[in-house]
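Protein chains: 2
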Amino acid sequence: MNRQELVGLIKERQSYLCVGLDTDIQKIPKHLLSYPDPVFAFNKAIIDATKDLCVAYKINTAFYECMGIRGWESLQRTVEYIPSGIFTIADAKRGDIGNTATQYAKTFFDTYKFDAVTVAPYMGEDSVAPFLSFNEKWAIVLGLTSNEGSKDFQLQKVGEEYLYEKVIRTVMEWGTPDNLMFVVGATQTAQLAAVRQLAPDHFFLVPGVGAQGGSLQEISSLAMNKDCGLLVNASRAIIYAGNGEDFATDARNAALQYQQEMSEYLEQAVAG
Amino acid sequence: MNRQELVGLIKERQSYLCVGLDTDIQKIPKHLLSYPDPVFAFNKAIIDATKDLCVAYKINTAFYECMGIRGWESLQRTVEYIPSGIFTIADAKRGDIGNTATQYAKTFFDTYKFDAVTVAPYMGEDSVAPFLSFNEKWAIVLGLTSNEGSKDFQLQKVGEEYLYEKVIRTVMEWGTPDNLMFVVGATQTAQLAAVRQLAPDHFFLVPGVGAQGGSLQEISSLAMNKDCGLLVNASRAIIYAGNGEDFATDARNAALQYQQEMSEYLEQAVAG
Chain A
1 MNRQELVGLI
11 KERQSYLCVG
21 LDTDIQKIPK
31 HLLSYPDPVF
41 AFNKAIIDAT
51 KDLCVAYKIN
61 TAFYECMGIR
71 GWESLQRTVE
81 YIPSGIFTIA
91 DAKRGDIGNT
101 ATQYAKTFFD
111 TYKFDAVTVA
121 PYMGEDSVAP
131 FLSFNEKWAI
141 VLGLTSNEGS
151 KDFQLQKVGE
161 EYLYEKVIRT
171 VMEWGTPDNL
181 MFVVGATQTA
191 QLAAVRQLAP
201 DHFFLVPGVG
211 AQGGSLQEIS
221 SLAMNKDCGL
231 LVNASRAIIY
241 AGNGEDFATD
251 ARNAALQYQQ
261 EMSEYLEQAV
271 AG
Chain B
1 MNRQELVGLI
11 KERQSYLCVG
21 LDTDIQKIPK
31 HLLSYPDPVF
41 AFNKAIIDAT
51 KDLCVAYKIN
61 TAFYECMGIR
71 GWESLQRTVE
81 YIPSGIFTIA
91 DAKRGDIGNT
101 ATQYAKTFFD
111 TYKFDAVTVA
121 PYMGEDSVAP
131 FLSFNEKWAI
141 VLGLTSNEGS
151 KDFQLQKVGE
161 EYLYEKVIRT
171 VMEWGTPDNL
181 MFVVGATQTA
191 QLAAVRQLAP
201 DHFFLVPGVG
211 AQGGSLQEIS
221 SLAMNKDCGL
231 LVNASRAIIY
241 AGNGEDFATD
251 ARNAALQYQQ
261 EMSEYLEQAV
271 AG
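Those protein sequence lines, which keep their order, are chains A and B.
The numbering of the first sequence is this note's numbering, which starts it at 1 and goes up by one.
The numbering of the second sequence is this note's numbering, which starts it at 1 and goes up by one.
Source of the hints: derived by calculation from the structure; they are not laboratory data.
Take the hints with a grain of salt, since some may be wrong.
Which copy is meant is left open, because identical chains are indistinguishable; a pair holds if it fits in one copy or across any two.
Dumping the calculated SDA-like pairs for lysine to any residue here, alpha-carbon to alpha-carbon at most 20 Å [unchecked claim]:
no.: 1; residue 1: Lys-137; residue 2: Leu-155
no.: 2; residue 1: Lys-27; residue 2: Asn-99
no.: 3; residue 1: Lys-151; residue 2: Glu-161
no.: 4; residue 1: Lys-226; residue 2: Gly-8
no.: 5; residue 1: Lys-27; residue 2: Gly-98
Since the model is a prediction, treat every value here as computed from it, not as a measurement.
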């Protein structure tokens, strides 16, 4: 999916919601465990219930990898089930030397047909560049993450700036706002305005709303740009909103609440 | 595998060779393509030919992931085929927030039974710690990598020290020499002695010998410690040493050359 299509989708749906399919077989409703592929059965129901409210799905590969081969089968079924026209993100945080990074890019863009993959920047340009050479595909590079550990290195000073600022500033030279986004955690409200100033045009994938405590209002007021420029992810707060037979309805209600709030912020941005 | 067993294996075999199974179906001898699982057939022959010369095998997951589910099947067959008593490394370079990192640790330690997994440090303590809580399992954290891109961030100054030094110094506080190693690239000879000084007791996994140009002699003289403390990886230089029917013999000869050279350096270290 290209940028124009993504921006169009956001306007049409009045939503910049990304639903995170961090599906853990230990946490899904028990009645699904009798299905041949319980994880896919869960995801299918969540997708059916939310596909008109979100603009993206993010699949956290760890939750599938830990189940071995049947996990990858669930992942493949899930990504194939997501309706075309919705942005798909492999949250895989890959990063390796050039020839290996190329294999990872092929994995997620060619083998599984994702639109985007999250990429770790520590190994530098040759580890990121291979993800930027596919037409209408995206690298989403870790900038400033939502977790406690972000202070260990990302918030250390490299000269006058934080490491995460150095990372974003440097990585911006390798791609464009049409093939490169950054991960910026929702809990990092003290930094959000600075990040937007640093990268005015790029989309940010913002995890950390919901279970991790980030505020949608703050994120939106601090980091929205003229094209919205945000994909705000909620995983647990949506997919585990309920745990009974009605879990998909509960998930829809949770997603709807986000979408309605987002629609207000989008209107305010147009008005402002 | 615990540290005592690893050190014992190195002494017994007079080798600190890690064979990297970066198996690319495009590069394996054509006669293997008629096998039901060509990648596993190749790996099986390489393992049979080298298993008495090396102390570790490193599986670069990217080369398997890009083949989809059948790639993971090849990976699983391969790791199960490696004789017990040889150290196994999933070169996966994972790194994510705590609850996701736990899933990755389970993936490689429980689902696939690797001894060790490579871990990216950018996201900080909660992304690394879950890999350090398994008995007789190892996290091998990226310190200073062998690629050109290492200069982009790893060789930037954070205060008085390089970022990679800050990373190694910080991560050392989270684990011990019994459950934590570092990746230090063979091409980084200017830094090797400094890294050894920083982490005198830890094992280093050293990729970049062979195709990437690192010198085994330099690495060994600069970074060996009293327990050897090195696992030197060669991938392409061994597994693609030949490309005909005799590829496994060619691989054995290449591995034997490394092992013989290593045996000299180990003797010199004992003598010195």
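Okay, the hints, checked on the actual structure:
Proximity of Lys-137 and Leu-155 under a CA criterion of 20 Å is satisfied in neither setting, with 29 Å inside one chain copy and 29 Å between copies. Only between protomers do Lys-27 and Asn-99 lie at most 20 Å apart by alpha-carbon distance; the minimum there is 13 Å, versus 37 Å within a single protomer. For the identical chains of this complex, Lys-151 and Glu-161 are neighbours both inside a copy (14 Å) and across copies (17 Å), given an alpha-carbon limit of 20 Å. In the homo-oligomer, the alpha carbons of Lys-226 and Gly-8 lie at most 20 Å apart inside one protomer (12 Å), although the nearest pairing across protomers, at 62 Å, exceeds that limit.
With identical chains, the CA atoms of Lys-27 and Gly-98 are at most 20 Å apart between copies only, with a shortest distance of 17 Å across copies and 37 Å within one.
Hint compliance for this structure: hint 1 is the single one not met.
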